[in-house]
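*Asks:* Same order as they appear, the protein sequences are chains A and B.
If you're matching positions, the first sequence starts at 80 in the working numbering and goes up one per residue.
If you're matching positions, the second sequence starts at 4 in the working numbering and goes up one per residue.
No lab work stands behind these hints: they were computed from the structure.
Heads up, some of the hints might be wrong.
Said to hold, decoys possible - Simulated coverage check for chain B against chain A, where a stretch passes if three residues somewhere in it have a Cβ under 8 angstroms from a Cβ of chain A:
1. 245-258
2. 261-272
3. 276-289
From the three backbone atoms N, C-alpha and C, an ideal C-beta is built for every residue, glycine too.
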Amino acid sequence: MLRFIGRRLLESIPVMFIIVTGTFFMQRFVPGGPFTAEKAVTPEVERNLLAYYHLNDPLWKQYTDYLWDLTPKRFHPGALASGLDLKAAFGIDFRPSFKYPNRTVNEIIADKLPVSLELGGWSLGVALLIGLPLGVLAAVKRNSWIDYLCSSFALTGICVPTFVLGPILVLVFAIHFGWFNASGWYGPIDRVLPSLTLGSVYAAYIARLTRGGLLEVLSQDFIRTARAKGASEARVIFRHALRGGLLPVVSFLGPAIAGILTGSFVIETIFQIPGLGREFVNSAFNRDYTLVLGTVILYAGFIIALNLVVDVVQVWLNPKLRFE
Amino acid sequence: MIPTLPPAEPAALEIEAGESLWSGAWHRLRRNRLAVFGGVVVVALGLLCAFGPLFSQSYQDQNLDLGAVAPNAAHWLGTDTLGRDLFARTLYGGRISLMVGLVATFVALVIGVTYGAVAGYAGGKLDAAMMRVVDIMYALPFTIFVILLMVFFGQNILLLFVAIGASEWLTMARIVRGQVLSIKKMEYIEAARSLGLSRRRIIFRHVIPNVLGPIIVYTTLTIPSVMLLEAFLSFLGLGVQAPMSSWGSLIKDGADKMEEFWWLLVFPGSFFSLTLFSLNFLGDGLRDALDVRAAKD
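Here chain B stands alone, though its shape is the one from the complex (with noise of 0.2 angstroms):
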C-alpha cells in the first residue's frame, strides 16, 4: 500500500501558478499605495488629455475682447491674454507632452534594448567596445546636441523625438546588456542554443521576455525624464512650436506673464509636476514591485 501522490500534484501547480513572476509583482504592486495613486493619476491625465479636447472648449479660438480672466465658472482654469480656455489649453498641451514623452521613450527603448542585448549577447571583445562607447557617451553634453539639432535641422517635432530618444538609451543599454549577460548563462538557453536556434530567434525570443522587468520599470521612469527634457526645450523656445503647445511651452508663456496673471504659470506647472510625481511613484513602485535591482543608479 504505497500511498499515492497524484492528487497533491494539481495543488501544487496551483500555488506555483499563482506565485508567478508577474502575479505576485501585480499583488505587491497593488498593497503599495503610491504607486497605485500613481498609476490611477496617469491613467486619469492620460485620458483626460486624450479624450478632453473633444469635448472641451477650442484650445486656440481667441477672444481678444475677453483678454485673461482668472479662473471662473466659464473658464475653470482662466484664459490666456488671447482669450483662449486655460483648461482646454492644458489638456491640449498635455496631449502633446505625453505622446512625446511616450514616443521618445518608444525610441529610447528600441535602441537600448536592442544595443544592450546585442553587446550581453554576443559578450567578449565586441561587448567590450559596446559598452566603452556608452561609456564614453555617458560623458557627453547630450542636452546640447539636442538644443543644437533642434536649431540646426528646424524645430520638427519628428525630429524631436528622434533626438530625445538618441540621448536616453544610454541607461536602457546598460540595464540590459547586464541582465543578458546573467540570463545567457541559464540552461533553458543553452537548451535553445542545442536545439540550433539562430541567435537572432534566441535574442528575440528567450533573452528579451526574460529582461522584461527591468525594461517595464526603466521605461516607466524614462517616460518622466523625457517629458522633463521636451518641456527644457519647448521652455527654450527649441522644442514644439505655436500654434501646438506643450506643457513646456505653456510653463513659459505662464513664466513670461506670471507678475499679472498667476494661474497662467501655476496651472500647466501643477499638471506637469503632477505627470512626473505619479510617473515617478509608479516607477519606483514597479521597481520594488518585480525587485529589479539594476535600475537607476
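This is chain A alone, in the form it adopts within the complex (with noise of 0.2 angstroms):
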C-alpha cells in the first residue's frame, strides 16, 4: 500500500512539471502582456515594473527560477491551520500579483481559496446526500414508480447544466418567492442555492452509478446466499451489497471533484461569491499570467492529489485489484 502511494506520488512530480513548463511558456508566447492594456507609462516606471518581475531575465532563467520558487522545500502542514500560507508550510512561492502588485499571489490564494473549498464540501455533500439515497432506493424498488422517478431525476439533473439550471432557481426561489439571497456570500442560508446548484449535477450521476453497480452485484450468488442464510433485506443491502455496488461511484468521484472545482468558476459567477474560481476567470481576463499560473497549478495539484485518495479507497473497497 506505501509502495503504491510513494510510486503515485513520484508519478506526478513528472505530470506537475509538464504542467507548470506548459503553462509557463504559454502564457510568455503570446501576444499582448498584462501591462499593455494599461495607460502608457514613463520608461522609468516600465523599466521597475520589468525588474519587479524578473521580465528582464534570460527567459531561461525565469524559468528555473519559477520552479524553484514551486519546488516544495518543507513540510510543516501545522502552518496552514493560520491563514493557509503555503509558503510558510512548504515553501512555495507563487510570486506578486501582476494585477495586484501589493500582494502576492500565496496571499490571494490563502484568502479566495477556502470560500471554492467551502463551497465545492457542500456541493459534494449535497450530491452524496441525495444521490446515493435515491440510487439505493431506486435499485432496491426496481421498476417501481421511485425507480423511473429517480431515474428521471437523474436524467433532468444530467441535462440541465448548471449555469441554466443556478438562475433558475435564483428565478424561482429568491426573487419569485424571497426565500433566499439572489447572490452574495454572507450567511448560512446563501449557502443553499449554489451547493443545490452545484450538487444536483454529480447527485444525478451518482444516483445512475449507485443504481447500476447496486444492480449488478444484487445478482451475484454471495447475494443469494446471504439471504439463504437468512440475513434480513438491509443488511443484504448495507453490508453486502453496497460495498461493491459502490465501486462505480468511487471511481466517479475523481472526475466529480474535478468538475465540481472547474464548475465552481460558474456558480461564483452566477452567484458573485468571493472564491478562487471566480477570481480565476477575472485573472484570465485580466492576463494576471502569476495569478492565472498560480491556480492552475494548485488546481492540477488538487486534482491529482485527490485522484490518487479516489485510487486508494477504491484498492480498499475492492481487495480484487492488486495495486500493480
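Assemble the dimeric complex from its two separately framed chains, guided by the hints.
*Replies:* Rendered as C-alpha cells:
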C-alpha cells in the first residue's frame, strides 16, 4: 500500500512539471502582456515594473527561477491552520500578482481558496446525500414508480446544466418567493442555492451509478447466499451489496471533484461568491499571469492528489484490484 | 435418393442477412421509444436551426423603440432588450452550438480513434506507454486548459473547435483501443496479414470498420458533452463572441436580465436542455441497440 502511494506520488512529479512548463511558456508566447492594456507608463516606471517581476532576465532564468520557487522545500502542514500560508507550510512561492502589485498570489489564494473549498464541500455533500439514497432506493425498488422518478431526476440533472439551473433557481426561490438572497456569501442561508446548483448534476450521476452498480452486485451468488442464510434485506443491502455496488461511484468521485472545482467558476460568477474560481476567471481576463499560473498549478495539484486518494479508496473497497 | 440440400441454403442466407448487426440494431433502436423521440427531436432541431434563420426574422436587426417585449404573436419568444427577435436569435445560436458540437466532436473522433487504434494494434510497450499518457491526461483539469487557450490566444472559433476536441478524445481512445485489442486476435485479421497487407491498410480497412458500433455510440454521447463545454465557456464570456451568439451566450444574457425579462433565460435554456436530453436518449438507445458495453464509466 505504502509502495503504491509512494510510486503514484513519484509519478505525479513529472506530470506537475509538464503542467508548470506548459502553462509558463504558453503565457510567454502570446501576443500582448499584462501591461499592454494599461495607460502608457513612463520608461522609468516600466523599467521598475520589469525589474520587479524579473521580466528582464533571460527566459530560461525566469523559468528555472520560477520552477525553484514552486518546489516544495519544507513540510510544516501545521502552518496551514493559521491562514493557509503555502509559503510557511511548504516553501511554495507563487510570487506577487501582476494586477495587484502589493499582494502576492499566495495571499490571494489564502484569502479566496477557503470560500471555494467550502462551496465544493457543500456541493459534494449535496451530491452524495441526494445521489446515494436515490440510487439505492431505485435499485431496491427496481421498476417501481420510485425507480422511474429517480431515473427521470437523474436525467434532468444530467441534461440541465448548472448555468441554466442556477439562474432558474434564483429566479424562482430568490426573486419570486424571496426565500433566499439572489447573490452573496454571508450567512449560512447563502450556501443553499449555490451548493444545490453545483451538487445536483453530480447527485444525478451518482444516483445513476449507484443504481447500476448495486443492481449488478445484487444479481450475484454471494447475495443469494446471504439471503439464504436469513440475513435481513437491510443487512443484505448495506452489509453485503453496497460495498461492491459503490465501486463505480468511488471511481466517479475523481472526475466529480475535478468537475466541481471547475464548475465553481460558473457558480461563483452567477452567485457572486468571492472565491478562487471567480478570481481565476477574472485573472485570466486581466492577463494576471502569476495569478493564473498559481491557480492552475494549485488546481492541478489538487486534482492529482484527489485522484490518488480515490484510487487508494477504490483498492481498499475492492481487494480484487491489486496495487499494480 | 439423397435429399438435396440446396433449396434450404438461400433461405438460411436470407435469415442471416435479415439478422445482420446493423439491421438488427436498427430494429432494436426503433422499438426504443425514448431513443426514437430523441432522434426525431435532434433531427428536427438540427433542420430548424440550419434552415430556420433563412425564413425567420433577422437575428441582429435591432428595434430600440420596441425594447424587450414578452412573447406575443409577432415575436413568438419575445424580444431582447435591443428589440431583437428571440426566436431568430435562439435558432441562430443553435446553429453555432450544434456546429461546435459536431465539429469539435469530429476533431475528438479523429484524434481518439487514430490514437486508440494505433495503441491497440501496436500492443506491447508502445501500447502501455500510450495508454499511460492517456491515464495521466485523464487526471488533468482540461477545462482549465481550454480556458487558458481561449484567454491567451484570443476567442477564435476555430481554436475553440480544436481546444474542445483536443480535450474530449481520451475516452474515445480508450474504448477504441479495447475493441481493437480484441479484434486483432480474430482470424480475418490474421488472413489480411498473411495476404501481406500493410499495417495502415489493416487498421483503416479492417479494424476500424469493425469497431464502428462503439465509435458511433460514443460519438453520439460526446456531442452533448462538447456542447456543454462550449456553452460553459460562452457563459463565462470565453467562447463565441458577439455579434455571433450561441446558446451559452444567450443563456448568459438571459441570466443577467432574468429579473425583469424571464423569457430571455427560459427559452434558450429550454432549447439547450432539450437538445442535451435528446442526444443523451439517442446515445443510450444506440448503446442498447448495438449492445455496446464498453462505452461510459
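*Asks:* Looking at the structure, which of the earlier hints fail to hold?
*Replies:* none
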